[in-house]
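Given only the sequences and the hints, what does the whole structure look like? Please build it.
Listed in order, the protein sequences are those of chains A and B. If you read the first sequence in this note's numbering, its first letter stands for residue 1, the second for the next number, and so on. If you read the second sequence in this note's numbering, its first letter stands for residue 1, the second for the next number, and so on.
Take these hints with a grain of salt, some might be off.
Partial list, derived from the structure: chain B residues whose beta carbon lies under 10 Å from chain A [as the list claims (entries may be wrong)]:
1) Glu33
2) Arg49
3) Arg76
4) Thr91
5) Ser262
6) Arg380
To be clear, the hints were calculated from the coordinates, so they are not data collected in a lab. All figures in this text were calculated on a predicted structure; none of them were measured in a lab. We put the beta carbon where it would ideally sit given N, CA and C, even for glycine.
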Amino acid sequence: MFGIDDDFIALPLRTLTDAALARAAQLGAEHADLRVMRTRQLVGSTRDGRVENSGSDEALAMAVRVVHDGSWGFAASDVLTAEEAVRLADRAVALARVSRPMATTPVVLAPEQVCGSVDSPARWVSDYDVDPWLLSDAERAAPLIAWSERLLALGADHVDASSQAVRENSYYADLGGTATLQQRLRIEPSLTAVMVDSTTGDFDSMATTAPPTARGWEYMTGTGWDWSAEIEQMPAWLREKLAAPSIEAGRYDLVIDPTNLWLTIHESVGHATELDRALGYEANYAGTSFATPDKLGTLQYGSPHMSVTGDRSTPHGLATVGWDVEGVPAQSWDIIRDGVLVGYQLDRAMAGASGVRSNGCSFADSGLHVPIQRMPNVSLAADERGGTTADLIAGVDNGLYVVGDKSWSIDMQRYNFQFTGQRFFRIKSGAIVGQVRDVAYQSNTIDFWNSLAARGGPSTYLLGGAFNCGKGQPGQVASVSHGAPSCLFTDVNILNTNEEAGR
Amino acid sequence: MSAPTPLAPHEIAERALASAGDGAAALVSVSSEADLRWANSMLTTNGERTSTTLTVLATAAVEGGTSLGQASGPVRSATDIEALVARARVTASNGTAAADAEPPISGGAAASDWREPAPMTSGDEFASLAPQLGEAFARGRADGVEHFGYAEHEIATTLLATSAGLRLRHVQPTARLELTAKSHSRTRSAWAGRAGRTMAGFSIPPLDDELRQGLTWQARSVDVPPGRHDTILSPSAVADMLVYLLWSSSARDAAEGRTVFSKPGGGTRVGDTLTAARLSLTSDPRDPELPSSPFVTSTWSSSMSSAFDLGLPLQPTSWITDGLLTSLVSTRHSAADLGVAATPMIDGLRLTHADGRGSLDDLVRRTERGLLVTCLWYIREVDPRTLLLTGLTRDGVYLVEGGEVVGSVGNYRFNVSPVDMLAQVRDASETAPTLPREWGDYFTRAAAPAALIEGFNLSTRSDAL
Numbered sequence: 001m002f003g004i005d006d007d008f009i010a011l012p013l014r015t016l017t018d019a020a021l022a023r024a025a026q027l028g029a030e031h032a033d034l035r036v037m038r039t040r041q042l043v044g045s046t047r048d049g050r051v052e053n054s055g056s057d058e059a060l061a062m063a064v065r066v067v068h069d070g071s072w073g074f075a076a077s078d079v080l081t082a083e084e085a086v087r088l089a090d091r092a093v094a095l096a097r098v099s100r101p102m103a104t105t106p107v108v109l110a111p112e113q114v115c116g117s118v119d120s121p122a123r124w125v126s127d128y129d130v131d132p133w134l135l136s137d138a139e140r141a142a143p144l145i146a147w148s149e150r151l152l153a154l155g156a157d158h159v160d161a162s163s164q165a166v167r168e169n170s171y172y173a174d175l176g177g178t179a180t181l182q183q184r185l186r187i188e189p190s191l192t193a194v195m196v197d198s199t200t201g202d203f204d205s206m207a208t209t210a211p212p213t214a215r216g217w218e219y220m221t222g223t224g225w226d227w228s229a230e231i232e233q234m235p236a237w238l239r240e241k242l243a244a245p246s247i248e249a250g251r252y253d254l255v256i257d258p259t260n261l262w263l264t265i266h267e268s269v270g271h272a273t274e275l276d277r278a279l280g281y282e283a284n285y286a287g288t289s290f291a292t293p294d295k296l297g298t299l300q301y302g303s304p305h306m307s308v309t310g311d312r313s314t315p316h317g318l319a320t321v322g323w324d325v326e327g328v329p330a331q332s333w334d335i336i337r338d339g340v341l342v343g344y345q346l347d348r349a350m351a352g353a354s355g356v357r358s359n360g361c362s363f364a365d366s367g368l369h370v371p372i373q374r375m376p377n378v379s380l381a382a383d384e385r386g387g388t389t390a391d392l393i394a395g396v397d398n399g400l401y402v403v404g405d406k407s408w409s410i411d412m413q414r415y416n417f418q419f420t421g422q423r424f425f426r427i428k429s430g431a432i433v434g435q436v437r438d439v440a441y442q443s444n445t446i447d448f449w450n451s452l453a454a455r456g457g458p459s460t461y462l463l464g465g466a467f468n469c470g471k472g473q474p475g476q477v478a479s480v481s482h483g484a485p486s487c488l489f490t491d492v493n494i495l496n497t498n499e500e501a502g503r
Numbered sequence: 001m002s003a004p005t006p007l008a009p010h011e012i013a014e015r016a017l018a019s020a021g022d023g024a025a026a027l028v029s030v031s032s033e034a035d036l037r038w039a040n041s042m043l044t045t046n047g048e049r050t051s052t053t054l055t056v057l058a059t060a061a062v063e064g065g066t067s068l069g070q071a072s073g074p075v076r077s078a079t080d081i082e083a084l085v086a087r088a089r090v091t092a093s094n095g096t097a098a099a100d101a102e103p104p105i106s107g108g109a110a111a112s113d114w115r116e117p118a119p120m121t122s123g124d125e126f127a128s129l130a131p132q133l134g135e136a137f138a139r140g141r142a143d144g145v146e147h148f149g150y151a152e153h154e155i156a157t158t159l160l161a162t163s164a165g166l167r168l169r170h171v172q173p174t175a176r177l178e179l180t181a182k183s184h185s186r187t188r189s190a191w192a193g194r195a196g197r198t199m200a201g202f203s204i205p206p207l208d209d210e211l212r213q214g215l216t217w218q219a220r221s222v223d224v225p226p227g228r229h230d231t232i233l234s235p236s237a238v239a240d241m242l243v244y245l246l247w248s249s250s251a252r253d254a255a256e257g258r259t260v261f262s263k264p265g266g267g268t269r270v271g272d273t274l275t276a277a278r279l280s281l282t283s284d285p286r287d288p289e290l291p292s293s294p295f296v297t298s299t300w301s302s303s304m305s306s307a308f309d310l311g312l313p314l315q316p317t318s319w320i321t322d323g324l325l326t327s328l329v330s331t332r333h334s335a336a337d338l339g340v341a342a343t344p345m346i347d348g349l350r351l352t353h354a355d356g357r358g359s360l361d362d363l364v365r366r367t368e369r370g371l372l373v374t375c376l377w378y379i380r381e382v383d384p385r386t387l388l389l390t391g392l393t394r395d396g397v398y399l400v401e402g403g404e405v406v407g408s409v410g411n412y413r414f415n416v417s418p419v420d421m422l423a424q425v426r427d428a429s430e431t432a433p434t435l436p437r438e439w440g441d442y443f444t445r446a447a448a449p450a451a452l453i454e455g456f457n458l459s460t461r462s463d464a465l
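See the structure below:
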């Protein structure tokens with residue numbers, strides 16, 4: 001178990017806190033918080049086994065956010081001095097005053113318990129075994145090179161590989177007395193093999209289905225993912241895919257593997273149950289949601305097999321924290337229970353407007369960005385008595401087994417989506433008969449989730465996720481995980497992407 | 001605003017180089033941003049941000065060639081500079097020979113503005129815009145129109161120094177304004193956007209009129225089932241499709257047989273006719289309407305860029321000339337492999353149709369029957385072999401009959417390749433600067449015509465309003 005980095009704790013956090021919060025209080029702010037955030041990244045990439053990039057970067061900044069006379073004000077800087085903290089408090093209050101005439105409803109933050117203190121901030125560190133920052137560049141390049149060389153030896157024409165490790169330190173203190181210190185690590189490996197038929201010009205790719213995860217370097221060497229087993233099969237899968245018949249467009253039953261389903265959950269459930277979207281705050285950018293608050297408790301979002309939770313506490317979850325960026329402790333709650341919409345993702349302002357407690361979904365990707373409501377880990381529960389993926393396939397007469405995510409797109413109210421995958425296996429009379437090509441599945445969120453006919457058991461459950469979830473203006477990037485079992489959906493619209501392209 | 005750091009940007013660059021060894025480069029990025037965001041006709045967030053980042057590229061002679069190390073981070077003191085240089089040097093000396101190694105770009109006299117402080121923006125940039133927004137909100141409250149939107153101003157100052165003597169500086173202002181209006185219990189929705197260099201260049205009343213025109217057109221609904229329809233894409237929608245085409249134009253990937261621009265049996269499709277329409281796609285850092293950095297600033301290597309090209313002068317480049325594919329994006333290294341001149345990525349694009357006439361309104365007036373798309377959203381690649389893209393129409397799709405908008409048809413998911421789309425252009429307006437809505441976070445310098453596309457594949461219906 002590692003502690004919080006000494007060189008982050010050594011920043012003048014107490015001095016900045018005293019300067020900013022005292023100034024904001026003196027200027028009459030009813031709420032003020034100071035946040036310091038440092039993000040370090042290690043990025044390496046190889047192309048056909050040769051190092052293409054090896055680098056590191058860091059961002060460090062602080063922000064002062066106030067509620068003054070019912071209006072928000074925010075100012076941020078990368079200069080960490082007491083004078084700058086005072087200046088940011090001044091600027092934040094000034095911006096709140098400027099905004100007052102354009103803010104019709106006063107901001108009221110939901111009350112929250114006090115955690116830690118400025119003298120002794122509460123601490124939380126994510127769980128990891130091997131700190132990537134303690135390895136040399138050559139040690140970090142080694143797995144990428146080894147994986148690539150093996151895939152090339154097995155017949156791949158080209159291999160792109162990369163790893164991105166992120167280390168996030170954050171400090172938060174507010175006028176209410178809460179002070180927290182946190183450290184989170186996460187890692188995203190990428191690996192894609194390409195084969196080209198030099199006579200026909202046909203080509204295709206096959207990527208690892210290993211999800212990004214909140215772990216250390218141990219993930220690159222076999223903890224949490226069986227790299228060698230997957231890499232040994234990838235070229236054969238890719239060769240089969242290149243030779244596979246093109247799908248006949250129509251309607252099929254789908255067994256969707258969690259390596260694909262996590263992204264469908266992310267787009268059609270995760271984003272749709274963000275309360276800020278449902279209220280219209282993202283209408284110019286990410287969009288709104290069909291799942292408006294008037295439907296809470298009544299909307300039959302999916303079949304009774306569908307139970308979805310939000311949490312910020314799942315081990316190795318990318319949205320897992322000790323506290324959110326408003327000092328709210330990590331929680332777990334129901335979003336969809338037995339198919340019915342029962343919960344939203346909240347921050348303190350939206351919770352305050354509804355007279356409830358925040359469930360801790362306030363997030364900012366940097367000290368320079370204003371916190372907004374972001375997605376927690378949003379996961380679909382497995383069937384405690386469910387069987388294996390093979391059991392689900394055995395029950396399908398005419399269908400497809402979908403593995404790995406690839407292309408994704410969904411509309412601005414979260415109805416119409418279209419996804420592709422890494423591998424689509426044709427199922428006939430309960431058995432897999434080989435891969436098919438040129439497949440996309442397309443549906444409407446409510447139709448799709450109401451066609452959920454069966455779920456696999458806990459043995460099929462996998463925590464997928466992404467590093468690159470975008471939201472907000474200015475744009476902010478968040479990492480988030482989604483757990484799911486293998487699932488059976490009936491009568492889903494399948495497109496042939498060659499026909500879609502007019503071929 | 002106070003200075004973002006006690007050291008001047010050029011001092012940071014010079015200090016970094018002093019200890020970085022031969023074959024090194026230092027890139028200093030100073031960013032100053034201010035923004036306003038509103039929703040439900042009230043201001044929701046605002047902010048001012050400044051940051052200074054130093055990126056050090058160090059090289060080392062290793063077995064078989066030259067290795068490269070990159071280190072990037074904030075600069076609060078001379079100690080931070082030393083630490084970044086040390087990190088980059090350790091990475092380089094630890095590394096293996098880079099495939100794209102090339103000699104560093106050399107240079108003579110420093111740019112005349114080398115020692116000038118980085119210009120800063122602030123919330124004051126919105127001084128003329130904020131009252132106009134307030135008036136639009138008030139007008140909307142009076143007649144049931146809700147406003148949503150975003151305004152952002154950034155000044156990005158880049159200084160590049162190399163141990164081969166280069167001293168380059170570029171100041172890039174970017175202004176972006178987006179407005180969404182909704183009415184009738186949010187069953188109607190319209191969007192308008194603009195890109196430029198200053199907020200003072202924007203005026204709200206004409207944009208608000210544009211939004212209200214859309215909301216009025218949506219009073220009448222017409223049922224047009226999904227399918228392949230002749231469709232007028234707005235300049236913003238055309239630009240979004242072409243930005244993705246440019247991002248998919250790696251010469252190296254094409255030569256390796258893995259893109260839509262690969263020739264079966266080997267080589268690239270440069271020289272092929274993509275469309276009979278007299279369309280040209282060009283990029284020019286000195287485009288008077290879309291000026292961008294005149295030298296390479298990418299510190300990263302990929303199939304589209306090489307960190308060794310840092311500082312390489314950028315020339316006007318024609319990607320497509322009168323329908324003919326003439327260039328793909330290349331680095332010095334990939335260009336040498338292919339035996340062509342290097343044509344790196346440029347931060348702007350312009351599509352022109354030699355026979356393009358008039359405005360979008362003129363194009364609508366001479367269209368007998370077709371759909372009119374305001375903008376596109378959530379564009380993603382479905383199949384790299386055809387460069388098939390999927391995405392949604394958003395905030396206004398209209399039926400045009402006899403040269404007039406006759407009603408609103410709801411939204412669709414499209415499945416269309418921008419390469420195929422070029423071959424389906426049947427008519428176009430003149431070219432003008434536009435904001436590509438989907439890619440506006442990354443790419444704002446675009447000029448395009450509105451274009452009538454034959455048989456645009458609006459594949460399925462979207463219920464989104």
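| Restraint outcome when Arg380 (chain B) is required to lie within 10 Å of chain A by C-beta distance | Since chain A brings a Cβ to about 5 Å from Arg380 (chain B), closer than 10 Å, the hint holds.
| Status of the hint placing Glu33 (chain B) at chain A (closest C-beta pair under 10 Å) | holds (7 Å)
| task | For the hint on Ser262 (chain B), just tell me whether its beta-carbon gets within less than 10 Å of chain A. | result | holds (6 Å)
| Does Arg76 (chain B) pass the interface hint, meaning its C-beta sits closer than 10 Å to a C-beta of chain A? | Nearest chain A Cβ about 7 Å off; hint holds.
| task | So, Thr91 (chain B) near chain A? Judge it on the closest CB pair being under 10 Å. | result | At 5 Å from the nearest chain A Cβ, Thr91 (chain B) passes the 10 Å test, so the hint holds.
| field | Interface hint compliance - Arg49 (chain B) to chain A, C-beta minimum distance less than 10 Å | value | holds (4 Å)
In the structure shown, no violation is registered for any of the earlier numbered hints.
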